[in-house]
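K.L.:
Below, each chain spelled out in residue letters.
2 protein chains.
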Amino acid sequence: MSTRPTILVTNDDGIYSPGIKCLTNIAKKYGDLIVVAPDKPQSGMGHAITINSTLRIQKTSYHHALMEYACSGTPVDCVKMAVNHILKKRPDLILSGINHGSNSSINVIYSGTMSAAIEGALEGTPSIGFSLCDYSMEADFTQTEPFVSQIIEQVMRKGMPKGVCLNVNLPKLKADEIKGIKLVRQSKANWVERFEERKDPYGRDYYWLTGEFVNFEPEARDTDEWALSEGYVSVVPTQADLTAHKMLNDLTYFEK
Amino acid sequence: MSTRPTILVTNDDGIYSPGIKCLTNIAKKYGDLIVVAPDKPQSGMGHAITINSTLRIQKTSYHHALMEYACSGTPVDCVKMAVNHILKKRPDLILSGINHGSNSSINVIYSGTMSAAIEGALEGTPSIGFSLCDYSMEADFTQTEPFVSQIIEQVMRKGMPKGVCLNVNLPKLKADEIKGIKLVRQSKANWVERFEERKDPYGRDYYWLTGEFVNFEPEARDTDEWALSEGYVSVVPTQADLTAHKMLNDLTYFEK
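In order, the protein sequences belong to chains C and F. Following this note's numbering, the numbering of the first sequence begins with 264 at its first residue and continues without gaps. Following this note's numbering, the numbering of the second sequence begins with 264 at its first residue and continues without gaps.
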């Protein structure tokens, strides 16, 4: 029986996307690979789970992993399915990505990639979500390799506290142009949306969601947006407690 | 022109569900109603948004609101669509719910109801998500009325800090059995999943996600799970910063 660590790899762009292929190639160095990833793109799915319909899984061989399945559900479904049904045990490490596009700042809450990592952390497994801040169809994921490897090695060596995962974003730079890795917090920002209105061939309106990213704190020098803009890889320790703790003292009109 | 506040109401169970009907009936007392809610159940959608397909909206009249639309998207899509396309301005208040089932503790991250409220807060509007901890088909939402009204009145009078919303859960009790309202934090908990395996009529496997809720801190007396178990309405101030701030000092193997 293998004594290598068991590494679960998932993503939100789908099991056949170039980002996850790059990640499985890197992850193979570190352990036995299990890949359970969506059978179609699931970007923007946030922490969605499938409870109103059924799930299916289908064996694939694209990653030459020890086990691999395409799953009809969301990234969070993939993690739950892998841990509770396919493996029937917790893996030693969960890696999600490499996402095609940024999951820094507020993007984390919309991100299927990061929700898979958060789900992994909730279940008590060290988990890392990786994203490349490059939306181009020709995005070169291989440039991320030295930093993805370095972060995986650190987490395998040092572990992660239960409930915490890492949100790793890589700038759109060649590997030798990247200045290093910075531990930072999630930047306060928002998307200002615009709905692009179109008419279908039958004369009915439909809409595309579009938007513009607005950084509320462009001066701050301890955020992921800052690190990325300076040419660093950003690492944000991330967890699923949404409590606004400070408000527990400030909202005096409710009894504690 | 009306000088009454503009109140946007949404949910995740769908625009025709009993919980949102109860909420619109209550909200009418406080302002002019705009209802934009999913055209079908969207439970468990978390902070999902629709970016890989188009959105549609359809006028409805079920709530006798000033404006109301059923939207093909997720709860977060509904808020974005309402604020940026239908109203073209921020409402004065956003209410989401009343959800059919609990959104306390870790449920908040899977919850479409709460994601709509978090999205509202991100956009700078005081926002409240309401949930009734009763999964029965005969759940009596009218029992929530005195507490829902009281919390709406407090928030309208005192406002909410930007970026913060309220996660309100109501115990499955008659109104006169509820002891009061408690300001508490999100309890640490998790779902331990089990996938129920079935075969379709064609012999292929499919799965239903099921699970059991596990409270990691049953002794704590400052959490939403505690408040609900004691017969209180729980109010958790909630925001979208997922940074594990303490870890910024603890994860010494990355440079700050």
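Check the hints yourself; a few may be wrong.
No copy labels: a pair is met if it fits in one copy or bridges any two.
Quick list of in silico lysine-lysine cross-link-like pairs, DSS-like style, CA-CA up to 27 Å [stated by the list, open to error]:
1. 284 with 437
2. 425 with 322
3. 291 with 352
4. 291 with 442
5. 322 with 437
6. 519 with 435
7. 451 with 303
8. 462 with 509
9. 509 with 425
10. 425 with 352
11. 284 with 352
12. 451 with 291
13. 462 with 437
Hints in this document: simulated from the structure, not taken from any laboratory.
K.L.:
For each hint, tell me whether it holds in the structure or not.
P.N.:
Results of checking the hints against the structure:
no., hint, verdict
1, 284 with 437, "within (19 Å within a copy, 54 Å between copies)"
2, 425 with 322, "neither (31 Å within a copy, 47 Å between copies)"
3, 291 with 352, "within (20 Å within a copy, 50 Å between copies)"
4, 291 with 442, "within (26 Å within a copy, 56 Å between copies)"
5, 322 with 437, "neither (35 Å within a copy, 50 Å between copies)"
6, 519 with 435, "between (47 Å within a copy, 21 Å between copies)"
7, 451 with 303, "neither (31 Å within a copy, 32 Å between copies)"
8, 462 with 509, "neither (47 Å within a copy, 50 Å between copies)"
9, 509 with 425, "both (23 Å within a copy, 13 Å between copies)"
10, 425 with 352, "within (16 Å within a copy, 42 Å between copies)"
11, 284 with 352, "within (24 Å within a copy, 43 Å between copies)"
12, 451 with 291, "neither (35 Å within a copy, 33 Å between copies)"
13, 462 with 437, "neither (41 Å within a copy, 49 Å between copies)"
Violation of the numbered hints given earlier is confined to hints 2, 5, 7, 8, 12, 13; the remaining hints are satisfied by the structure.
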